[in-house]
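Enquirer: Single-letter residue listing:
Number of protein chains: 2
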Amino acid sequence: MKFSPLFWPIQFKNGIIYILDETLLPHKLTYIKAKNYQEACRAIKEMKTRAVGQVILVMYIFLQLLEQGKKKDLVKVAQAINSTRPTLSFKFLTDMVLGWAKSGAPLDKCITGFLEGLKYSRIKQAEEASKLIKSGDCILTHCNISGLLPLIGEICQKQGKKISFFATETRPYMQGSRLTAWELKQAGFDVTIITDNMVAAVMSLGKVNKVIVGADHLAQNGDIANKIGTYGIAVLARHFNLPFYVLCPPASGLKSGKDIKIEIRPDIEMLEYQGLRLAPIGAKGYYPAFDVTPNKLITKHIHLNVGTVLNSRQKCPRRGQF
Amino acid sequence: MKFSPLFWPIQFKNGIIYILDETLLPHKLTYIKAKNYQEACRAIKEMKTRAVGQVILVMYIFLQLLEQGKKKDLVKVAQAINSTRPTLSFKFLTDMVLGWAKSGAPLDKCITGFLEGLKYSRIKQAEEASKLIKSGDCILTHCNISGLLPLIGEICQKQGKKISFFATETRPYMQGSRLTAWELKQAGFDVTIITDNMVAAVMSLGKVNKVIVGADHLAQNGDIANKIGTYGIAVLARHFNLPFYVLCPPASGLKSGKDIKIEIRPDIEMLEYQGLRLAPIGAKGYYPAFDVTPNKLITKHIHLNVGTVLNSRQKCPRRGQF
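These protein sequences, in sequence, are chains C and X.
Residue 1 is where the first sequence starts when you use this note's numbering, and the numbers rise one by one after that.
Residue 1001 is where the second sequence starts when you use this note's numbering, and the numbers rise one by one after that.
It should be emphasised that the hints constitute simulated quantities derived from the structure, not laboratory data.
Warning: the hint list may mix true and false statements.
[Unchecked claim] Derived DSS-like pairs (lysine-lysine); straight-line CA-CA distance at most 30 Å:
| hint | chain 1 | residue 1 | chain 2 | residue 2 |
| --- | --- | --- | --- | --- |
| 1 | C | K207 | X | K1131 |
| 2 | X | K1124 | X | K1284 |
| 3 | C | K261 | X | K1207 |
| 4 | X | K1284 | C | K28 |
| 5 | C | K284 | X | K1255 |
| 6 | C | K158 | X | K1255 |
| 7 | C | K72 | C | K109 |
In this text, all values refer to a predicted model and were calculated from it rather than measured experimentally.
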């Protein structure tokens, strides 16, 4: 199986953590080297990695610490990780690691076991998604699902299904164009970029027939939060009678989408792009980074093999479990 | 009444045509000087002006020609105008002028009469639109309606109605940000820019309660063609139960939206922005410049005072008619 660099964007080799710098994609494929937790935390602060990359990075930070014989610094490092991003919570991850340590479990095995479980569950998730796809399908996607889409494509190809993709560019940060179109093209798939406002046109013209997106948050009632623009695509999919599938993380404790706090980011991030001023000087913008898609618009949630990963959160998983 | 520079973007003074260079907005407010029809046609070719600006410019080209005592060149100049843009038809305008000339009517009076009628009808159209607006409304708009929106706002203000605006940035050419947000802010209105994929979010949050857009084409059955993205907004407006109003040009002879030919533009125009590469090298895009919104999604068409303008097309209008 080939993997997109975005599927597992962090590597840990010979004591050094290699972090894929997603801000330089698609023009440069560069890894930042982190020799210690301070350097790794800086990469999180500067948003060099995102989504699953952050989860993997947090776990490798602890693994590196153990290799350096600094188990005594666990709590200090957990605090440093938790203070990297004001709006993003890594606390469930750091608490899990501290819990394993407290219980006296072999910490390095717990961490590598968790990461293996995560990788295995993500592959299973891609396999589940591939069952929903027929030969000839053209999948519309939005933002980036960290390497799952090329994997779904590869599984489909092995099953003899011919598929192609449309990717929204995903303003303002362009993850659809910079990451998704890039990784799909790298993997040899037919992918066409559209601006975010072309979705109704391509649906009405029959150019796409299914939607697959990811989710940053899954509430108990099935509502999801995902990159801004997802909600609109879900409404359009319903209008044009197209299935709308969501690759989900494990459900959080929140009851419904109404309980998910949406991050409002500085408008400068949408009024400029890479230093180029897009809007009139002095104009104001409104930039909610995510929106909430209600459960009723979702044809099917494709769950992460929750049993495996959630169990691994409760207690140190044994290799045999995966 | 104050007018946005975009309401009447072409001026004719002392024998020279002044063409507002819309490609330089919002950072520079510059007029190109055209001393003859060749220079004016070049400005059309290079897309320095658009929409109503092109109609006004074509008429001023003929007026300039008459002032230069070159009435004998009418047919040649009409041909030059018609060959400026492959996909845009100015033929109904040039045919109208040639028709007036053939009938022996006083051509300069016909042209100025037509332009006065156009201006008057557009003001009437803004007045009609203002009747649909209540104090406290926040209007979502898309692309640019050539100065009509600030005019509607001004009329509302005179009626004591307080209104504000949200403008989609309108990728890929950014007319919403560059032109609409600019002209509304210039006129002193509260306007907030959003990226095109934030429409569902702002509608679901109740931040906007009405939609007003323009149209490039109105078919006999009420379907419209307008800047790409309009269709999606219409579907979302229906989903969130918001009225969707369209400021229309006179209806064409086409039966329905299905008969409107949609211009597919080079994908380089969306994969780059002002020389900055947005997409991976080698990636492909799909760029339909317009989409067709079906009549059933339109709450109300706000027509250009068709009687006046269409009559002025048939025969040279007299001043008293306006």
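Enquirer: Among all the numbered hints in the text so far, which are the ones the structure does not match?
Expert: Violated hints (numbers, rising): 1, 2, 5, 6; every other hint is consistent with the structure.
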